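**Student:** Please put together the full structure from these sequences, using the hints given.
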Amino acid sequence: MSLEAKQERKDTMANVSKEELLHIAKLADLNINDNEIDKYLANLQDILNFANTINSADTEGLKETIGENDKYNVFRKDEVQVFEDNALLLQNAKEQERNMFKIPKVIQ
Amino acid sequence: MNITNLTVHELMDKLANKELTSEEITKAYVERINEKEKDVNAFVTTLCDEALEKAKEIDAKREKGEATSKLAGIPVGIKDNICTKGIKTTCSSRMLEDFISPYNATVTEKLLSEDLIDLGKLNMDEFAMGASTEYSYFKKTHNPWNLNTVPGGSSGGSAAAVAAEMVPWALGSDTGGSIRQPAAFCGVVGLKPTYGLVSRYGLVAFASSLDQIGPITKDVEDAAILLNILAGHDEKDSTSMEMPKKDYTQALKGEVKGLKIGIPKEYFGEGINEEVKERLQEAIETYKKLGAEVEEFSLDIAKYALATYYIIACAEASSNLGRFDGIRYGHRAEHYSDLKELYRNSRSEGFGPEVKRRIILGTYVLSSGYYDAYYKKAQQVRTLVKNEFDKAFAKYDVLLTPTSPTVAFEIGTRSNNPLEMYLADICTVSVNIAGLPGISIPCGVDSKGMPVGMQLIGNKFEEEKILNAAYAFEQEYKFRSKYQPSFEK
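As they're listed, the protein sequences go chains A and B. Okay, so the first sequence: first residue is 1 according to my numbering, each after it adds one. Okay, so the second sequence: first residue is 1 according to my numbering, each after it adds one.
I should point out that these hints are in silico values taken from the structure, not numbers from a laboratory. Treat the hints with caution; some may be incorrect.
If you only want the chain A side, here are some residues facing chain B, beta carbon under 7 Å, derived [unchecked claim]:
| no. | residue |
| --- | --- |
| 1 | L27 |
| 2 | A28 |
| 3 | L30 |
| 4 | N31 |
| 5 | A51 |
| 6 | L62 |
| 7 | K63 |
| 8 | T65 |
| 9 | D85 |
| 10 | A93 |
| 11 | V106 |
Keep in mind the model is a prediction, meaning the values are calculated, not measured. Backbone N, C-alpha and C define an ideal beta-carbon position, used for all residues, glycine too.
**Tutor:** See the structure below:
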């Protein structure tokens, strides 16, 4: 590997720290156990290194594509539609009370 | 008569001329499930008793002349990320292990309005993230062609169930190849429609700008018949397009004389198995013999497409899966001290490792500091990919590639290496990025008897062209009469 190639490879290597991984996991509301950290770090590095392939694509002057059929917007009237099967919705709740979802106390 | 070996169009004929009843057909499939499911593990939920009841009702309806659909009384299997009212929709995840859908997906409504009979919900990689169905929380599905190998994924249960003749046809969903790749591994037909042709309402979202529902069938004619039912605008999915209704079976002429087929040479290079290449070369020769004009060209986006796909799909997934918090539905942790911990513990227990990996990757590429380098850049590459396909379709009617770089691999050989698993999608993802239709059909087997899939890609909303090209090959090659799954280990 030439010196330039080595340098280029270094530039495209993703370097995620343990702190960064834990911060991202916190943002995503996920716990990562101590014994999982190394594995997740290695996986993330691997995938990000691969993702860096896109850096060599020439996208000069190209707009971003957000979705497939984003040429027009779809409007509808903001009208209330009643979903009749309340019981069906609530049957999936782990805890409910008086036809409502029950959650732990938020305000102490 | 071997009922479960018949295609759906053959079943339709036999129902119409009263050679068979729905009860006889459904019973044959139930018996087949009882015989083969223990080896294949394709179902998360079977609905055998309910199906037999329904079959009797539909026979009575048909007797009275009240069955309006020619498909009335034919069974179907549904991937377990498509909502079915009153029936579990688990996404093969612990998160939704007990989730009973309170409504039907639009496609489910469409199947039921044709009086099709739901035989059950089919296994998949958790939240459709995977290429082998090994990431299902519940079970590993086995490939009927060799029970030691994977059926592909994420619609592996659907493809394996069709190949094993446990359902006559099935619904799958395809975000980066999840219909086409398992269809290729299992020697059946899988069609991913143009983005916007089929409503996504009631499909549990993975990556909303890429997901599409489509048919997995025994042959191309069945795929056209099922697409006829699925296609159409739905006001509940604002990305579904308003299009004139088509009859896709009309496109199946079997004539490809003068059809311009482009062969993107990047899809036949490094990393593609030699035997896969050989079968594809033979298929290309068949098309030439049938009078198609075949030309090699460069589609210089192949190498970027996979990286772009994983950035966009994971980013969208991290947002879509934010809704699973253990409050209104889904897994709720038993132990927590406050609301935040309830969210975090429920999500950590409910999601499997691959789903967590993708949520973390998606959160990372969307986070401040990395957004421009990854997400924004990937969205620009997406434009590049679309532009390159536009150029290709200015010259060619149809593009031809392998569906997967390899045949089905052995269970357990890739599940610990996420990046290697991702490479299974290399031939299929660019189609989703550009929102195009793609079909996989079997084009032979390798030296071990495992099916090889050929992918035909069409321009937007030109399903007719790829269906017809696939049909022409199928009629010439006759894969189904040459090869059948062995169910051996």
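**Student:** Each of the hints needs a verdict: does it hold here or not?
**Tutor:** Against the structure, the hints come out as follows:
no. : hint : verdict
1   : L27  : 5 Å, holds
2   : A28  : 4 Å, holds
3   : L30  : 5 Å, holds
4   : N31  : 4 Å, holds
5   : A51  : 5 Å, holds
6   : L62  : 5 Å, holds
7   : K63  : 6 Å, holds
8   : T65  : 4 Å, holds
9   : D85  : 6 Å, holds
10  : A93  : 6 Å, holds
11  : V106 : 5 Å, holds
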